[in-house]
Amino acid sequence: MRRSAALGAVALVCALLAPARVPAAAELPTTGALPHGGTYVLYRDPTLATAAIDLWFRAPGAGYDGANPGIARLAATAVAAAPLASGTTLVALVRSLGGHLAIQAFPDMIGVSVVVPSDAARRVVAAMSAAYFDPALDADALKIAQSDVTVLAAQRRYLADSLAHDALFAQIFSAGPAHEPPLPDTAGALARLPLADVEAFARRAFRSANATLSLAGDVAPTALDAVTAGTPGAPDAPLDSTLAADPHANATLAANVPGAGLAWVGPPIRDERAATALDFVADYLFRDGSGVVAKALDASDDPAYVSGQFITLHDPGVFLVTLSGDDVSVARTRVLEAIRALQHPLDAATFARAREAFLFHLASDTQYASEQADNLGWYATEGNAAYAPSAMQSTYWQTARGLDPAFVASVVQRYLAHPVAVQLTTATAKESTT
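Per the numbering used here: the sequence shown = residues 126 to 559.
Honestly, I wouldn't trust all of these hints.
[Stated by the list, open to error] Below, computed lysine to aspartate or glutamate pairings styled on DMTMM-like, alpha-carbon distance capped at 20 Å:
#1 420 - 350
#2 420 - 286
#3 420 - 462
#4 420 - 322
#5 420 - 371
#6 268 - 350
#7 420 - 361
#8 420 - 452
[Said to hold, decoys possible] Here are the in silico distance ranges between beta carbons for each label pair:
#9 468 - 440: 35 to 45 Å
#10 322 - 345: 44 to 54 Å
#11 420 - 527: 39 to 49 Å
#12 174 - 381: 37 to 47 Å
These are calculated hints, taken from the structure and not from any lab test.
Glycine included, every Cβ here is placed at the ideal spot set by N, Cα and C.
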C-alpha cells in the first residue's frame, strides 16, 4: 500500500522462493534493538517454510551532497557483490540457498530484501549484517555495480511511470533527496566515481545504527543473535525534502516514451487517518482491474494505462497518478473528474462495498512474508513502524476499518484540489524533402 514498484529498481535477482501459504500469525510485530546498534521489527509465522529478511537504511539516493544520483543504489549493489570474510559474496550465498535477493532504491532510503528457506534465516542474517554493517568493497564489486546501474538507467529512459514520477517530485520538492531521481539518466558520472568515495558513502549510510532489520515468516528471535557486526549510535532522522514555494505548475518533458503524470502533496505519515483515506482513494479509483477509472479505461477504446497510489512518506506524502500511452488527454480528464467527484461523499452502500474491497486488497497485498517485511521496513524507516499494514491488528487496519464517506471526502477536498502536472512528449523526426 505504501508505494509503486516504479519507484524502485530491482537487480541481483536469484531464484524466487515464494511463501507456501498466507501467514497465520495473529499477533503484532515485535520490535527492539539489535545486538550491536540498529533496530529490528519481527513478525513471525512459524507455519511458513520461508523467511523474508530486509535491511533498510535512511540514505539519500543522490548522496549526502545531492551531486550523484544513483550512488545509494550503486553502493548497495557493490556491497552485495563484494566478498565476505568467507570468500563468497552475499548474492552468491543467497543464490546457493535457493533464495532471492533484491535491492530497492528510493530518494530517501535504500532497501535490501532477501527471501530464503526458513532454515537458512540465521545464516543470512549473519551475512547481511556482516556485509552492510562493515562494508569492504573492491574494484570487481564496484564494476559489477556500475554495470548494474548502467542497465537500470538505460531501462528507466523507457519507463513512462518512472520518468513522470521523478519529474513530478522534482517540481514538488525544490531541494532534498526527493528533488533528485534515485537513478540517473545515464551512468556516466557514477562510472567515474572512485572506489573510496563509494565505500565512504556505504560506511556512512549503511552503519548499523542507521539500519532497520525487518523480518517476517518463520524467523525465530534467536536469529537476531547472528548479527555480529555493527556499532551503536544514533540513527539519521527521516530524510525530508523542501517543498517548492509554488508547486502547482505544469511542465513538459522531452522523453523517449509518451505519457503524463499528476501529483498532489499529501499528509505526513503521522496523520494516519488522512494517509489511510488517500490509500483508499487510490484503491477505489486506480487499482488495476477493479478501480473505477482503471475499469472505465479498460472498457473504452482509450489506449492509455493509469496507475495511482498514495506514497506514504515521513513528511509530506505524495498522491501520484501516472498515465502511459500515445494519447493520454482523455484519460487525464477522466482522472481529474473522478477525483473531483470524490470531494462529495459516496453514498453509504457504495462506500461500504468500496471499503470492503479495500480491506480485501490490503490483505491480498500483505499475505506473503516478503510483502510483510517490505512494509515493516518501509514504515519504520519513514518514522512510524506501528502503522505498517503487515499485521491485521496494526493501527493501519484499525484506521482503515473506521473510514467513513464524509471523512474521505474531506481529505480529498483538503489535499487533492490542486495537482502538479507533467507531460512526457516524444520528438518526431522531420520527413526528408530530398
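Is the hinted pair residue 420 and residue 286 satisfied, with a Cα-Cα distance of at most 20 Å?
-> Distance of about 19 Å is within 20 Å: holds.
Take the C-alpha atoms of residue 420 and residue 350, compute the straight-line distance between them, and say whether it is at most 20 Å.
-> Status violated; Cα separation ~49 Å.
Going straight from one Cα to the other, do residue 268 and residue 350 come out at no more than 20 Å?
-> Distance ~33 Å between residue 268 and residue 350 Cα, so the pair is violated.
Below or equal to 20 Å on CA atoms is what counts here, so check residue 420 against residue 322.
-> 49 Å, violated
Using the Cβ atoms, figure out if residue 174 sits within 37 to 47 Å of residue 381.
-> 43 Å, holds
Would you check the hint for residue 420 and residue 361, treating anything up to 20 Å between C-alpha atoms as holding?
-> Between residue 420 and residue 361 the Cα gap is close to 42 Å, so the pair fails against 20 Å, i.e. violated.
Can the suggested window of 44 to 54 Å be confirmed for the beta-carbon pair residue 322 and residue 345?
-> Violated: the Cβ-Cβ distance is about 39 Å, outside 44 to 54 Å.
Taking the CB of residue 420 and the CB of residue 527, does the distance hold inside 39 to 49 Å?
-> 27 Å, violated
Sort out whether residue 452 lies within 20 Å of residue 420, counting only the CA atoms.
-> 18 Å, holds
Cβ distance range 35 to 45 Å for residue 468 and residue 440, holds or violated = 24 Å, violated
CA of residue 420 to CA of residue 462, is that 20 Å or under?
-> 15 Å, holds
Is residue 420 within 20 Å of residue 371, Cα to Cα?
-> 34 Å, violated
In terms of the numbered hints stated before, the structure departs from hints 1, 4, 5, 6, 7, 9, 10, 11, listed from lowest to highest.
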